[in-house]
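**Student:** One letter stands for each residue in the lines below.
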Amino acid sequence: MSKSLKLFAGSAISTVLMLTLSVNFADRLTPEMPAEFDRVAVENDREFHLIARAYADEAKADAPFGLGREALPEEIAAWNLDVSPDGTGLPVGSGDVMTGEEVFADNCAVCHGDFAEGRDNWPKLAGGDGTLADDDPLKTVGSYWPHLSTTWDYVNRSMPFGNAQSLTADEVYAIVAYILYSNYLVEDDFVLSNENFTEIVLPNAEGFIIDDRAETEYAIWSGEPCMENCKESVEITRRATNLDVTPGVDTAEEQAATAPAAEAPAAEEAAAPAAEPAAEPEAVVEAAAPAAIDMDLAGKGEKVFKKCKACHKVGDGAKNGSGPQLNGIVGRAVASADGFKYSGPMVDHGGDWTPERLAAFLANPKGEVKGTKMSFAGLKKEEDVAAVIEYLKTFGQ
Amino acid sequence: MTSSFKGPKASRRQFLAGAAVIGAGAATGVRAATPDPLITEIQPWAQGLGDGVDATPYGMPIRFEQDVVRRNVPWLTADPISSINFTPIHALDGTITPQGCAFERHHSGAIELAKEDYRLMINGLVDRPLVFTYEDLERFPREQHVYFCECAANTGMEWAGAQLNGAQFTHGMIHNMEYTGVPLRTLLNEAGIQTEGKWVYVEGADASSNGRSIPLEKALEDVLVAFKANGEALRKEHGYPVRLVVPGWEGNMWVKWLRRIEVTTQAVESREETSKYTDTLADGTSRKWTWVMDAKSVVTSPSPQSPIKHGPGPLVITGLAWSGHGKIKRVDVSIDGGKTWQQARLASEPGDKALARFYLDINWDGSEMLLQSRAMDETGYVQPTKKQLREVRGLNSVYHNNCIQTWHVKTNGEAENVEVS
Chain H
1 MSKSLKLFAG
11 SAISTVLMLT
21 LSVNFADRLT
31 PEMPAEFDRV
41 AVENDREFHL
51 IARAYADEAK
61 ADAPFGLGRE
71 ALPEEIAAWN
81 LDVSPDGTGL
91 PVGSGDVMTG
101 EEVFADNCAV
111 CHGDFAEGRD
121 NWPKLAGGDG
131 TLADDDPLKT
141 VGSYWPHLST
151 TWDYVNRSMP
161 FGNAQSLTAD
171 EVYAIVAYIL
181 YSNYLVEDDF
191 VLSNENFTEI
201 VLPNAEGFII
211 DDRAETEYAI
221 WSGEPCMENC
231 KESVEITRRA
241 TNLDVTPGVD
251 TAEEQAATAP
261 AAEAPAAEEA
271 AAPAAEPAAE
281 PEAVVEAAAP
291 AAIDMDLAGK
301 GEKVFKKCKA
311 CHKVGDGAKN
321 GSGPQLNGIV
331 GRAVASADGF
341 KYSGPMVDHG
351 GDWTPERLAA
361 FLANPKGEVK
371 GTKMSFAGLK
381 KEEDVAAVIE
391 YLKTFGQ
Chain C
398 MTSSFKGPKA
408 SRRQFLAGAA
418 VIGAGAATGV
428 RAATPDPLIT
438 EIQPWAQGLG
448 DGVDATPYGM
458 PIRFEQDVVR
468 RNVPWLTADP
478 ISSINFTPIH
488 ALDGTITPQG
498 CAFERHHSGA
508 IELAKEDYRL
518 MINGLVDRPL
528 VFTYEDLERF
538 PREQHVYFCE
548 CAANTGMEWA
558 GAQLNGAQFT
568 HGMIHNMEYT
578 GVPLRTLLNE
588 AGIQTEGKWV
598 YVEGADASSN
608 GRSIPLEKAL
618 EDVLVAFKAN
628 GEALRKEHGY
638 PVRLVVPGWE
648 GNMWVKWLRR
658 IEVTTQAVES
668 REETSKYTDT
678 LADGTSRKWT
688 WVMDAKSVVT
698 SPSPQSPIKH
708 GPGPLVITGL
718 AWSGHGKIKR
728 VDVSIDGGKT
738 WQQARLASEP
748 GDKALARFYL
758 DINWDGSEML
768 LQSRAMDETG
778 YVQPTKKQLR
788 EVRGLNSVYH
798 NNCIQTWHVK
808 TNGEAENVEV
818 S
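Going down the list, the sequences are from chains H and C.
For the record, in the first sequence the residue sitting at position 339 is 339 according to this note's numbering, with numbers rising by one throughout.
Just add 397 to the spot in the second sequence (first one is 1) and you have this note's numbering.
Pulled out of the complex, with its shape left as it was, chain C reads as follows (with noise of 0.2 Å):
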């Protein structure tokens, strides 16, 4: 069996001293010493009965799963209503978030918004200004795509050292869902853009309308005005409901309750697109318009709230990977800081503009690692270092960190959010 992992191997009596720790659950050559009664003895639920198929409606996930939640950091704001929670990306598999646990980004709060009186206005450099009701944007040909909402602050807290201790504060402000809706273009072009329209202008039904500016080119591109997520209505938290579903772009532009497009000639420079989500360098110039998330990684379990509790022996290490430039083509992981590195196993064909989940599968021999992911995309762009990060913007960028994460796993299994030389 220990034959088919790529990783190092791991002595005989390391193998079996790491199996020893686990008891029954070890695969080959432990004899357990005494018979396991959860399987001798007739237990509870295979004798009586389980909930009827009235007990559930809409299903929550099992109570044994009660940690795998959104959290927030209370020190980040001034108030949870206009604040930021983190998807529990290192109790996840596969690609899809749950729309339950997938991050908040709210800045007047979530409000409550019913399809009946819902109403999107296209207006400005249009033939014909036009409001939609809920029912009317039903009607329209439909398209589905996954794609990952990053918010630009996503690891933002990491830029001047290592802070949070934990993939889901790292790296947490990120969801990947399949959206159902309509081409924003299919809107624009019912409304007829005119020749001098050069920007789309959207904003939110919310107290803080969260305006942003978007080129024209991309709004007719990939922009997706939706209504449905991971098959069914958005959540209250996500825009229901509809919100704007911007590919590759950071997730402050994915306007929620989506409420008004106007085409302009000129970026209405708001709020959003000034004040914040600007990226400041070390000269104290900012960047402005930096709407693309660029290719990023990291490795969700172990992690400091995913510790390896089963000894050495085989080890699953798994990651998430994407870039806001297209599709993944690889992922390598290094278990030593970036000195050397190997190929990740992607799980599925990656997604444009999606998540992408990988698999490194070693035989740990239960010495301290220091693990890292680096992605790359179809373009070839690579993840950078955080080094390499802060020698063209410095330390004060506060958005856009998509720098090689660290984790300092121990031999108990514990591991640590650091950085490394």
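Okay, chain H solo, but in the shape it has when bound (with noise of 0.2 Å):
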């Protein structure tokens, strides 16, 4: 039995299970238009307006322009990916929960957390059930999300966060079993399917009403304001300055001191360079490299990173994020990223990091560091992780 389900089992087994069956399903969500749904007065730029829809019934009368030309079919195929709450646009194929999980754990859990329970800064997808109503609702897949389609559309199309589009069908059916699985909201034997995808409703599918500020809030805001003895006294009731959480305006590092002592972490990878990420390694593996570098190799190793660049920082200006910068790692004794608060074990591990002992933890984190805050499941073709060793020999310091 794995992990979580050793976790989940007995909570699991008592909760009850929110699969509802529903033939009505796709009926019943397709949205309606709403009523009013722009006010914007009819009144404000009459002339433009009727101008613009002069040109528009003109546009609509003449032939077209003829520019453009028309879209092939398998180019319609390759960019119409999204998926509507009514099942419209899911391919067909299946995943279940324990695939799901191992698919999870590779691709996922370094951000989401192995339970889908979320890390740092990063999203939680499990949890939160019945909390959206209070002081601080936690948002989650199974709480909040109306949709399955939503999670699927999602995860096929901008998961992971880094190498978009890189999972497989039934990978991600695989996923979306799991991060059911996670919310309690299905067995560990559940198989999820092109062919029961619709069958599934998520607990809060009825919990969204549409805009009503026309109605809740435009009519009670409206009209003549106050404009003497509006009130009798006036009080200070709150301070910015008592919570003390704005950034410092003048440098990078001031941000990242400024920041709230909790959110450290997260607050040291912000304070990082946002521009230009993914084309800076490039240009240093070309400018910089010793000669001794496998140069074919190591970009190859720059594809693989993409697994770990939501983590780790490498190149010009790298900091801490949710993992220690890695500019010099190899070589680079163990543990030794200012600034960056390693697990016990990891500390405990000691010595320096030689390609041996890299690729060794690449290749199995948690079995060759048993405690280490890296929940990455390991790179499983060893040619991966000589790619990425190779890679990292690129950035010196």
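It should be emphasised that the hints constitute simulated quantities derived from the structure, not laboratory data.
In this text, a Cβ means the ideal position worked out from N, Cα and C, and glycines have one as well.
A few of these clues could be false.
[To be verified] Listed next, the in silico DSS-like pairs over lysine-lysine satisfying Cα-Cα at most 30 Å (straight line):
no. : chain 1 : residue 1 : chain 2 : residue 2
1   : H       : K373      : C       : K633
2   : H       : K303      : H       : K370
3   : C       : K673      : C       : K807
4   : C       : K706      : C       : K807
5   : C       : K673      : H       : K124
6   : C       : K784      : H       : K231
7   : H       : K341      : H       : K370
8   : C       : K784      : H       : K306
9   : H       : K300      : C       : K633
10  : H       : K303      : C       : K685
11  : H       : K231      : C       : K736
12  : C       : K685      : H       : K124
13  : C       : K706      : C       : K724
14  : C       : K784      : C       : K685
15  : C       : K724      : H       : K231
16  : C       : K512      : H       : K303
[As the list claims (entries may be wrong)] Cβ-to-Cβ under 8 Å is the rule here; a few derived chain C residues that face chain H:
no. : residue
17  : D476
18  : S505
19  : L561
20  : T671
21  : K726
22  : D729
23  : G735
24  : R771
25  : V817
With the hints as a guide, bring both chains together as one complex.
**Tutor:** In structure tokens form, the structure reads like this:
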């Protein structure tokens, strides 16, 4: 039995499963257009709108400009990936919870945690059930998201962060199945597929209303406002300086230094220059690499490093993030990045990161350093390990 | 001179005391103790030579203005690649935001997309699914409009209490540019919308794709497919080479690196329009499709990052006002925390869904102020207080906080973000 199962077993059994069958699902969720979605006054800019409308009518009446070319079916298929609540757009495929756990550990857990509980400031995907009316609601796929299609669609097109569109359809089904399982919404033997997809109704499916500001706010907050004697007294009830969470205005260092202590890891990472993180390593590879480095291999390693980038920065000005910055990591003393709070086991690991020790760690992080904070499952292929180490060698300091 | 100011009159003694602080800069009534060497001595810049015309093929602001930059709040997000920064509105004037300091919001980083690699697809419920190149877009009839773009989360950190100390941080998720582009309806007409089409789904070319659904009515009304801002190409961070402009609606819908427009029968209910950019009310239900940015204003100076340095006397109070429902009709300013209000002066005729600049010229007596501004738009909507907003929405809405902002200006001219009763 896997670790996660041990952790979840007790509560999962007793949890009322939210899996609901509903043949009417699609119909029920067809959104209606709001009656007055936009109260932009027709009065304003009347002339412009008339002109615009006349122009639009003209354009409609007239033959098209004949610009552009027909989109080919293959092109539409490549880009038309969005999935709607009624399942439109789902490809054929399936994935089970246990496979999902593995795929999730390899691709998602670095940021979202082994159990989808989230790490640092990265989004939590599980938990928060029943907290939406609380002072500090926890909004997750299980507690907040109205449609499962949204999860499938987003994972498929935009995840993993830094390596989007790298998952197969079956892997996406498996990940989504695992996220459902992490939210106690399905059992561990559940298989999600395009066949049963729309049968899943998420707990907060009915939790949304269409913008009602026109009724609940606009009518109240209109009219001639008070100009004189609007209130008897005015007291200051809160001050921003009491919290003292405003970044300094001079340097990036100050921004990091003034961030709240509890959020320090995220703050350090955020203070690193955001510009061109992807382009930079390439330039460094070309400019500064000593002759002993296998540049072809390092180039391959740069691609492998995409899996690491969300947490580890490397290159000029790299700062610690969820993980320590990696400049000079090959040959660097273990647990020696300034300002990074390492786990005890990592500190105890000691010595230097020789290529051999790095390789062992990267192949099986939790096996090699039991208790490491790095929740990455490891690089399965030996050549990937070699490539990423070669790539990291190109960053001397 | 002081008679032309509408604000409370300072006594002559107070006025002179204030003037003394600034020395040679004071206008009247003060004699400098010694001649100003900046005037009496020949300065290097008056004697030697400056830069040639080849020094800056594309100019950046002079180094003395290096503080006028975008800033981020590191603790807000896990990573700066999926994050937001803030326009230095406290240090700008006028209404047009220079591109170089206009706020950025990325979901998967600012990508580099060349014009020759750019493709725009229109598909879905259309007669002719089409692909356009960048050059194709430049051959359609163009329009120009100035619009504000405000992130739905602007002022979102202030729901639970005064938190960030500066107009840049409380209100800087906004910019205002003059866009050149092709109306979306022109492109949709080119493809031919089928009668079942009720929505358009728009997405970007970056890894996040940031897809959003827009009702067809809005798409045909004033949405622009823009490729120029403030006269020049869009910046990389604002979606070069092509972004969507959705006037008056939340910034997240202004899809950058626009690559696809799909005509659909229903909203896609993407991540950005369900799990994000929805407004949770006190009872736990959430509003969706809260697209329009309601009328809002803020005093940009004086403010925490722009304190009064000159002492009592003539003071320019200035700020910005805007409404996603149309034009700003009026802005009122209070210096006593909302007990009394006076109408501010609008610098120019406000544009439709564009920033308006207001001024209130007063003769500051040097006493404490609780500075507020209150916008009214052409629909008659009046910007609410934070208390009014909370009564309807509670504390967890996150987005669309358009409350009246208060700055506590102290006798030394420093200002602080506060909440008042």
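**Student:** Hint by hint, note whether the structure agrees.
**Tutor:** Quick rundown of the hints versus the structure:
no. : hint             : result
1   : K373/H to K633/C : violated (35 Å)
2   : K303/H to K370/H : holds (27 Å)
3   : K673/C to K807/C : violated (38 Å)
4   : K706/C to K807/C : holds (11 Å)
5   : K673/C to K124/H : holds (13 Å)
6   : K784/C to K231/H : holds (14 Å)
7   : K341/H to K370/H : holds (16 Å)
8   : K784/C to K306/H : violated (46 Å)
9   : K300/H to K633/C : holds (27 Å)
10  : K303/H to K685/C : violated (39 Å)
11  : K231/H to K736/C : holds (5 Å)
12  : K685/C to K124/H : holds (21 Å)
13  : K706/C to K724/C : violated (33 Å)
14  : K784/C to K685/C : holds (22 Å)
15  : K724/C to K231/H : holds (29 Å)
16  : K512/C to K303/H : holds (25 Å)
17  : D476             : holds (6 Å)
18  : S505             : holds (7 Å)
19  : L561             : holds (5 Å)
20  : T671             : holds (5 Å)
21  : K726             : violated (10 Å)
22  : D729             : holds (7 Å)
23  : G735             : holds (6 Å)
24  : R771             : holds (6 Å)
25  : V817             : holds (5 Å)
Checked against the numbered hints given earlier, this structure breaks hints 1, 3, 8, 10, 13, 21; the rest are met.
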